[in-house]
Amino acid sequence: MAMATAAVASVRLATTNALPRATQRSRDNEACSALNSAFFKNSIPSSSRSSRKNLKTLNDGSRKGICVRVKASTSDMVKEKALPADGQLISRHEGLDLYEDMILGRAFEDMCAQMYYRGKMFGFVHLYNGQEAVSTGFIKGLKKADYVCSTYRDHVHALSKGVPARQVMSELFGKATGCCRGQGGSMHMFSKEHNVLGGFAFIGEGIPVATGAAFTTKYRREVLKDDSADEVTIAFFGDGTCNNGQFFECLNMAALWKLPIVFVVENNLWAIGMSHYRATSVPEIWKKGPAFGMPGIHVDGMDVLKVREVAKEAIARARRGDGPTLVECETYRFRGHSLADPDELRKPAEKAHYAARDPIAALKNYLLENRLATEKELSAIEETINELIEDAVEFAEASPLPPHSQLLENVFADPKGFGIGPDGRYRCEGPGFTAGTAQV
Amino acid sequence: MLPESSLVLGLSFEVKTETGSTATAQQGHELLLFEALREGLEEEMERDPTVCVIGEDVGHYGGSYKVTKGMAEKFGDLRLLDTPIAENSFTGMAIGAAMTGLRPIVEGMNMGFLLLAFNQIANNCGMLHYTSGGQFTIPIVIRGPGGVGKQLGAEHSQRLESYFQSVPGLQMVACSTPYNAKGLMKAAIRSENPVILFEHVLLYNLKERIPDEEYVLCLEEAELVRPGQDITILTYSRMRHHVLQAVKTLVSKGYDPEVIDIRSLKPFDLFAIGNSVKKTHKVLIVEECMRTGGIGASLRAAIMENFFDELDAPIGCLSSQDVPTPYAGPLEDLTVVQPPQIVFAVEQLCKH
Numbered sequence: 001m002a003m004a005t006a007a008v009a010s011v012r013l014a015t016t017n018a019l020p021r022a023t024q025r026s027r028d029n030e031a032c033s034a035l036n037s038a039f040f041k042n043s044i045p046s047s048s049r050s051s052r053k054n055l056k057t058l059n060d061g062s063r064k065g066i067c068v069r070v071k072a073s074t075s076d077m078v079k080e081k082a083l084p085a086d087g088q089l090i091s092r093h094e095g096l097d098l099y100e101d102m103i104l105g106r107a108f109e110d111m112c113a114q115m116y117y118r119g120k121m122f123g124f125v126h127l128y129n130g131q132e133a134v135s136t137g138f139i140k141g142l143k144k145a146d147y148v149c150s151t152y153r154d155h156v157h158a159l160s161k162g163v164p165a166r167q168v169m170s171e172l173f174g175k176a177t178g179c180c181r182g183q184g185g186s187m188h189m190f191s192k193e194h195n196v197l198g199g200f201a202f203i204g205e206g207i208p209v210a211t212g213a214a215f216t217t218k219y220r221r222e223v224l225k226d227d228s229a230d231e232v233t234i235a236f237f238g239d240g241t242c243n244n245g246q247f248f249e250c251l252n253m254a255a256l257w258k259l260p261i262v263f264v265v266e267n268n269l270w271a272i273g274m275s276h277y278r279a280t281s282v283p284e285i286w287k288k289g290p291a292f293g294m295p296g297i298h299v300d301g302m303d304v305l306k307v308r309e310v311a312k313e314a315i316a317r318a319r320r321g322d323g324p325t326l327v328e329c330e331t332y333r334f335r336g337h338s339l340a341d342p343d344e345l346r347k348p349a350e351k352a353h354y355a356a357r358d359p360i361a362a363l364k365n366y367l368l369e370n371r372l373a374t375e376k377e378l379s380a381i382e383e384t385i386n387e388l389i390e391d392a393v394e395f396a397e398a399s400p401l402p403p404h405s406q407l408l409e410n411v412f413a414d415p416k417g418f419g420i421g422p423d424g425r426y427r428c429e430g431p432g433f434t435a436g437t438a439q440v
Numbered sequence: 001m002l003p004e005s006s007l008v009l010g011l012s013f014e015v016k017t018e019t020g021s022t023a024t025a026q027q028g029h030e031l032l033l034f035e036a037l038r039e040g041l042e043e044e045m046e047r048d049p050t051v052c053v054i055g056e057d058v059g060h061y062g063g064s065y066k067v068t069k070g071m072a073e074k075f076g077d078l079r080l081l082d083t084p085i086a087e088n089s090f091t092g093m094a095i096g097a098a099m100t101g102l103r104p105i106v107e108g109m110n111m112g113f114l115l116l117a118f119n120q121i122a123n124n125c126g127m128l129h130y131t132s133g134g135q136f137t138i139p140i141v142i143r144g145p146g147g148v149g150k151q152l153g154a155e156h157s158q159r160l161e162s163y164f165q166s167v168p169g170l171q172m173v174a175c176s177t178p179y180n181a182k183g184l185m186k187a188a189i190r191s192e193n194p195v196i197l198f199e200h201v202l203l204y205n206l207k208e209r210i211p212d213e214e215y216v217l218c219l220e221e222a223e224l225v226r227p228g229q230d231i232t233i234l235t236y237s238r239m240r241h242h243v244l245q246a247v248k249t250l251v252s253k254g255y256d257p258e259v260i261d262i263r264s265l266k267p268f269d270l271f272a273i274g275n276s277v278k279k280t281h282k283v284l285i286v287e288e289c290m291r292t293g294g295i296g297a298s299l300r301a302a303i304m305e306n307f308f309d310e311l312d313a314p315i316g317c318l319s320s321q322d323v324p325t326p327y328a329g330p331l332e333d334l335t336v337v338q339p340p341q342i343v344f345a346v347e348q349l350c351k352h
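Residue numbers (our numbering), protein chains in the order written: chain W, 1 to 440; chain E, 1 to 352.
For reference, chain W alone in the conformation it holds in the complex (with noise of 0.2 Å):
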């Protein structure tokens, strides 16, 4: 099937992690310049390699030229990697896993938009359908005490990493049994258990905090001589954001530090309505990760095989010490930016190329191919994802509210810090502040 060995032929990992050179650069050039006149190849599944004729009409809002064959810019910092002996990328139990994840991600939103049209929740919403392969292929290689740090697009994120669909559907609705306990609402999600920092409204905000969190591991390690501490962080951000001065502030810390982060570009082509192509003057994102001291990989995030290969490297990598990744993921989202986003800019010939690369049927056909699953096993999997996800609007719809009580109690840890009253109480051992009507 094109899907597996498209997966191993076309991905090229780090497997060192020297800096680049000087005399790399002209090296790079060639290399831009080849890739810019190639094309899509081998990842798109046979039933629509048709579409490709139509590439290359399309027009600024598609990917012009780029090669999804995977090439990292600094050439001896990637090895072609083997295929296993058994010609077989995946078990058929982690083969299961991850197309439960992903179907659980795609009901999940979908969720989301009935509930937000019949007014269950409200503001913005930002769904991730369509990207459920990166989510997926990432976090389900990381461990439960690793760092998923996110953006407003974070339900999947937060889903993925094992936070409770009951727990992100709760903070949805705005009920007090949310994972924020509803002060945090779909752009916030946070999980203290599960080590999901967030949820940033403004782009770029978090790649900050997953940059301290990667820096508290290696703090851990060198100062407190904690040998246990490996943790990876994994920053997840947007093709925008990459214009944005935190991110390559960030990228030059992490790799003069060797901190171990994934820094994780799910590049979806559009910021709202803002094309790549016109906010962006160099579009290969990836290529900028050599331009600070890391490697740069560019990979096809429609396939989850895909993805996940390059997750294994890019978080071992980072576990044993070797420093950040960036890695480009090329993804789509199906949907509009939010939910009150019209759509109308995205041609339909783009949407129509990227949901004939749907990750979750992309995943179904490889493993019915395979012989790893069944129509039915597949099917039973669908089903039980549906009802927990019914399970999970119930619980919401018959959460409460928070109470007025509740509105002061978490803008301070040490709520001292609301100050001392005329009293020469603390303000807050007086009743109002108890009650939520105190003015503070």
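Honestly, the hints are just simulated from the structure, not real lab data.
Note that beta-carbon positions come from the ideal geometry of N, C-alpha and C, so glycine has one too.
Be careful, since some hints might not be right.
[As the list claims (entries may be wrong)] Selected chain E positions facing chain W (Cβ under 8 Å, derived; list incomplete):
id, residue
1, ASN88
2, MET99
3, ASN123
4, THR131
5, GLU221
6, PRO267
7, PHE268
8, GLY274
Following the hints, complete the assembly by docking chain E onto the known chain W.
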């Protein structure tokens, strides 16, 4: 961005606090304010290995105002982390580190540079504990020298307390003497809340005798500097010393002002302030913040709201002019409140 700490002469007289430091001439030890900050910092770093300092030139250079001098040799490069010039990102990095178990102290080489970190300070530092539903704490200290120096130019003469005071979830304190500098530093580090500690460029060379025994001050309390009957003067940071200069003149003219160093810029210690207002019935605020939207503006509102019936006169407020601090000496002096203005204001208010 190159403050030359050796050129900033600062105020070199000794601090004579009537209350505050309890060290007598025999006990305690004398040091300068920047050394007091360092002492507090070192004690906390020895006490808790998760305490670390993050900032520009804090390590090998020892801090542009020598607050961390010698510490990198003692504690290592990772605990005194020299960062690239990327305030927003390294402040965010400190926040991420705080969320995951460390207790970082972010040093802004000049407080003004932290304007670049406003995104992280307002959005993450102040808000993350709340938006995470209380799951993550951010026990971070953000500190650095601010205020109007000696002809440092507009951008190096800023007072960020007015910008940060509205951010919910932050505490702000300002030190003004070696004694309260060390005590507030230690308290800020031990606090589970994010605390901004405002130091002043011109106060680093203040000398005072402080106790040998360990002490930690309360972040939320104000400091009664001089008890009095006629008027309550509320002040903080460098203006405390201008007020004390004015007090000498006032006392010779027969006035008896009560001077309170509010220390806690957010939240205000309304107990100490209220008790004073109830005694004197007149208030003068003397601050270095700009007139518009400064600490004085908030303090005036808080006093009016809580103690209106106690007042015999409108609340006076002397603030800096709403002018980008000029380089020329005489102009710079005009933007900042000077002792004769304080004397005049007290005389006017006491006529009520």
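query = Among the hints numbered above, which are violated by the structure, and what are their numbers in rising order?
reply = Going through the list in order, the structure violates no hint and respects every one.
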